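**Student:** Take a look at the letters that make up each chain.
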Amino acid sequence: MDIKEYIESGILESYVFGSATKAEAEELLKLKVKYPEIKDALDQLETDLERIAMHMAVAPPPGRWNKIEAELNELVKQGETENLKITGSPTKEDKTNSKGGPAEFIQLTTTASHIRVHKLWRILVVALIALGLVFLCFAIYLNSKNKEAGQQIEKLKKELKSNN
Amino acid sequence: MQTLVSKDETINFRSYAPLEKIYMHYGNMLYGYLFRAIGDHRKTEDYLIEIFTSISSELGNLDLENVYTWSAILKHTRKKLSFFSTYSVNKTNPLFSYLSDEQREVFFASYYGTKTLEEVATALNKPQEYVRKTLRIALATISTNNGY
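Here the protein sequences line up with chains A and B, keeping their order. Start counting at 1 in the first sequence, then tack on 388, and there's your number in my numbering. Start counting at 1 in the second sequence, then tack on 43, and there's your number in my numbering.
No wet-lab data here; the hints were simulated from the structure. Values in this document were obtained by computation on a predicted structure and should not be read as measured data. Hints may contain errors.
What the simulated footprint calls covered on chain A by chain B, stretch by stretch (three residues with Cβ under 8 Å from a Cβ of chain B suffice, anywhere in the stretch; the number is not a length) [claimed, not checked]:
# : region
1 : 420 to 428
2 : 445 to 459
3 : 508 to 516
4 : 530 to 542
Calculated lysine-lysine pairs in the BS3-like style (CA-CA distance at most 25 Å, straight line) [as the list claims (entries may be wrong)]:
#  : chain 1 : residue 1 : chain 2 : residue 2
5  : B       : Lys134    : B       : Lys123
6  : A       : Lys455    : B       : Lys176
7  : B       : Lys123    : A       : Lys420
8  : B       : Lys176    : A       : Lys420
9  : A       : Lys410    : B       : Lys134
10 : B       : Lys169    : B       : Lys123
By construction, the Cβ of each residue, glycine as well, lies at the ideal position given by its N, Cα and C atoms.
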């Protein structure tokens with residue numbers, strides 16, 4: 389394989405920018421392990437890309453990190469961070485902790501006024517309300533039809549009487 | 044109300060120090076990247092917060108020492124912001140003054156991920172191999188002329 393030609397083809401740049409195809413990316417990752425020249429070229433490219441970003445950097449307004457932290461805490465409160473991988477520690481489902489021993493659970497008292505329910509409940513509640521509305525409409529329709537029929541019977545009775 | 048939480052998880056969720064380090068290093072870069080495309084500080088801030096709050100859950104641990112960290116953040120950002128259009132991206136910067144119009148077009152389309160390589164090639168009416176090489180030359184030109 390001509391390594392120089394491969395590097396100069398621009399495939400590395402495409403990979404770094406995420407525009408390489410899956411097959412091209414897989415091939416590159418394999419070649420990177422096999423050929424140090426490719427790894428070096430890729431590392432250099434990544435470094436250059438970071439330098440470009442540094443040149444175009446703009447400082448965000450102060451206090452943004454606090455907002456990010458507050459947002460993360462909010463997500464924890466909502467119980468939506470079960471898959472967070474900050475440290476890669478075991479999840480609730482794991483029977484053992486990172487030290488290999490049985491997981492230890494502690495009880496925390498929270499001041500939160502909301503309870504956590506499975507997302508499925510939301511769908512079920514919406515479906516029940518929708519179903520309820522359908523039944524209500526159907527009942528109103530039947531009721532009006534019933535009234536209509538009653539009125540027709542009354543009308544027919546009157547007609548029969550007048551004919552007699 | 045009482046909730047059962049494992050000790051490991053409690054420490055896990057409350058420890059944002061690794062992410063804070065990433066923010067301190069890459070926050071300015073990401074803000075600059077976003078602002079160049081959005082052009083509005085308030086919206087840029089919103090996206091910055093959104094991206095950093097989703098990094099942990101979607102990318103896992105990021106390592107400051109790893110040369111691939113910035114491109115991983117960039118790829119994650121592009122996925123989140125599919126509305127970008129290279130036409131609205133501010134392309135003026137002395138950094139790109141050495142690029143030809145074609146090189147600039149290819150670079151920004153790739154950097155902001157608005158088009159696939161195939162789409163860029165079709166728009167320019169050039170083969171994909173040519174566009175790839177143009178991108179390579181564009182990056183090499185930026186690096187050489189800015190002393191990288």
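**Student:** If a hint holds in the structure, say so; if it does not, say that too.
**Tutor:** Results for each hint:
Only residues whose C-beta sits within less than 8 Å of a C-beta in chain B count toward coverage, and the region 420 to 428 of chain A has 0 of them, not enough to reach three; the restraint is violated. Counting residues of the region 445 to 459 of chain A whose CB falls under 8 Å from any CB of chain B gives 11; the rule of at least 3 is met. Beta-carbon proximity to chain B at under 8 Å applies to 0 residues in the region 508 to 516 of chain A; the threshold of 3 is not reached and the given coverage is violated. With a threshold of 8 Å between beta carbons, the proposed coverage of the region 530 to 542 of chain A by chain B is violated, since 0 of its residues qualify and at least three are required.
For the hint linking Lys134 of chain B to Lys123 of chain B, the alpha-carbon distance of about 21 Å falls within 25 Å, and the restraint holds. A threshold of 25 Å between alpha carbons decides the hint, and for Lys455 of chain A with Lys176 of chain B the separation of about 42 Å lies outside it, so the pair is violated. Pair hint Lys123 of chain B plus Lys420 of chain A does not hold up; C-alpha atoms about 28 Å apart against a cutoff of 25 Å. The hinted pair formed by Lys176 of chain B and Lys420 of chain A meets the criterion: a straight-line CA distance of about 20 Å does not exceed 25 Å.
Among the hinted pairs, Lys410 of chain A with Lys134 of chain B is inconsistent with the structure: their alpha-carbon atoms are about 29 Å apart, more than 25 Å. Among the hinted pairs, Lys169 of chain B with Lys123 of chain B is inconsistent with the structure: their alpha-carbon atoms are about 29 Å apart, more than 25 Å.
Hints 1, 3, 4, 6, 7, 9 and 10, counting from the list given before, are not met by this structure.
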